[in-house]
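Based on these hints, arrange chain A on the given structure of chain H.
Residue numbers (my numbering), protein chains in the order written: chain H, 256 to 747; chain A, 13 to 124.
In short, the hints are calculated from the structure, not lab data. Mixed in with the good hints there might be a few duds.
[What the hints assert, rightly or not] For each label pair, taking beta carbons as the anchor points, the in silico distance ranges come out as:
no.	chain 1	residue 1	chain 2	residue 2	range
1	A	Leu20	H	Val720	54 to 60 Å
2	H	Glu656	A	Glu72	56 to 62 Å
3	A	Tyr107	H	Glu453	50 to 56 Å
4	H	Trp548	A	Arg119	16 to 22 Å
5	H	Val283	A	Leu20	48 to 54 Å
6	H	Thr462	A	Leu80	50 to 56 Å
For glycine and all other residues, C-beta sits at the position ideal for the given N, C-alpha and C.
Read off the chains here:
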Amino acid sequence: MNNLVILPLLIPLLTGVLLIFFRKQIRVQRYVTTVSLLLLMAVTIVLIHQVSVEGIQTLNLGGWEPPYGIVLVADMFALLLVLATAIVTFCCVLYGFRTIGEEREKHYLYTFIHFMIVGIMGSFLTGDLFNLFVFFEVMLLSSYILISLGGEKSQLRESLKYVVINIVSSMFFLVAIGYLYAITGTLNFADLSVRIAETGQDGLITTVAIFLLLVFAIKAALLMFFWLPGAYVVPPMAISAMFAALLTKVGIYSIFRTFTLIFYHETAITHELIGWLGVATMVLGGIGAVAYWDLRRILAYNVIIAVGFIMIGLAVFTEGALAGSIYYLIHDMIVKALLFLLGGVMIGLTGTNQLREMSGMIRNHALLGWMFFLAAFALAGVPPLSGFIGKLLTLQGAIDEGFYVMAATGLITSLMVLYSVMKIFMNGFWGENQLSVEDEKMSTKGLLFPCAILAILSVGLGVGVEWVNVYVLQAAEVLNNPQVYIDAVLQN
Amino acid sequence: MEILMSVLAGILFTAGTYLVLAKSLIRIVLGTAIIGHGALLLLLTMGGIKTGAPPLLGLESASYTDPLPQALILTAIVINFGTLGFFLVLSYRSYQELGTDDMEELRGTEDE
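Isolated chain H (complex conformation) (with noise of 0.2 Å):
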């Protein structure tokens, strides 16, 4: 029992219940939500210190034990994932207090993207399937909020498709767990992993896991990401940061954790589905990044590559090939977001989404230009930076254990991805400068700033790999023996 569990979805929660009362005073508003950004992250940091020395901390609410109530667990998967989504969130909210625009601030942004984070780092923390899909929606309904906010022709276009795609997969994950209590009766992690070792994973819950991955891979964009490029096209560029970096990566976490702790028997079946998704959805992506010549798409679709990518790591399925899934995922999502910054300050210089239109921008902005360079290597998997050392372990893992194809899949693809983003940098940094600095619809002032805390990171956690790799490293041995996670649940 560790009560500092709860306070990663308590902070927010409570933040954005504050801002309501707030709601035209905008510098409040502001100040408030970066005071309970920097908390949040304080708050984790703490508790991956705890947990990397006296293992995994979970907390029973109300104090009803395991398989009966509640329960919030937090292993180093989960909060590594949750520091990322705080220091993501930090800096697309410091971007978005320049470019978002005044009548979305007064219109409960920030308390719609604090209700976001609860359901995110819910999703991360909990320890039960039922509290996954309430947290899901808790995350889906402030993202339909957050991608209509504005109201424009286009947004309220783009949000149908999304709001009837996630209320259709929300209904089949209701399904999915009421065939699984069903079978198994019960709902918690640890002791649905519990029974179904003890009896056998048959058919019947081999095919309930598959429905189930369905479900998620609607929500991570695993094959079926139809109403990715749209939806998050049509945000303002801060709010599609923060939907690039975290909502499909609760996708990816579920099947994860699913996938790891509780239908590990029949890997033969539901793992190698995963890998040829995963492939599908490289390549898929891969096309789709290379064939647009808008920014904002080709950085969609990168989105959806990376995810590709991620779930090689779970098909391999051995403890290094998941470290690099691990390390590969906190690498996405900081450089997907530093990415996507990057690509809305193109754009608001510009005025335009069009690569053919923009040329020669790092003649005046010289620091945006090499920014976007770096990340577009740390993209790609170019060492030193963070996307070569989880490309590295996974890869390894697969040539290891045989995944050939999906190995030169993930290789092939790397390279489409690079050649997608260079297009970006080669279309819109070199070439004549067609813009002065008066011809410019925005000013770069203070949007760099975050940008930079990301970049910088990207850095560090390829340069940092020792540092970083103890806890990706313990991460790792908790997804692949499930016993651990067991007892730190049932046995408290």
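Chain A in isolation, oriented as in the chain H frame:
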């Protein structure tokens, strides 16, 4: 009773799917609502409907009905209401703003 309930859930899913596949926005909204009802019924049925006395302290009985599915659907109903309400408002606003409720006309952007 369980069989009747599961058949009913199936009918609701069928009707909901039919409506979600329609062109008109209001039908889609109603379709998601009906699918939601189907899912809730299924969730309730899955726990077994009545297998003993009500799960109250102090009743002396050999077996009790499982209260968990009821707790689950209570939560799910609230969430369903929330999303349905939001979806209705969103579709009304879109109808006002875009001037159509035909999903066929809401496909892509002009610059694609």
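To see whether the hints hold, each was checked on the structure:
1. Judged by the Cβ atoms, the range 54 to 60 Å given for A:Leu20 and H:Val720 holds: they are separated by roughly 57 Å.
2. Distance hint check for H:Glu656 and A:Glu72: the Cβ-Cβ separation is about 58 Å, which falls inside the suggested range of 56 to 62 Å.
3. At roughly 54 Å, the beta carbons of A:Tyr107 and H:Glu453 sit within the given window of 50 to 56 Å.
4. As the Cβ distance of H:Trp548 to A:Arg119 is approximately 19 Å, the hint placing it in 16 to 22 Å holds.
5. The hinted range of 48 to 54 Å is satisfied by H:Val283 and A:Leu20, whose Cβ atoms lie roughly 52 Å apart.
6. For the hinted restraint 50 to 56 Å between H:Thr462 and A:Leu80, the CB-CB distance of approximately 22 Å leaves it violated.
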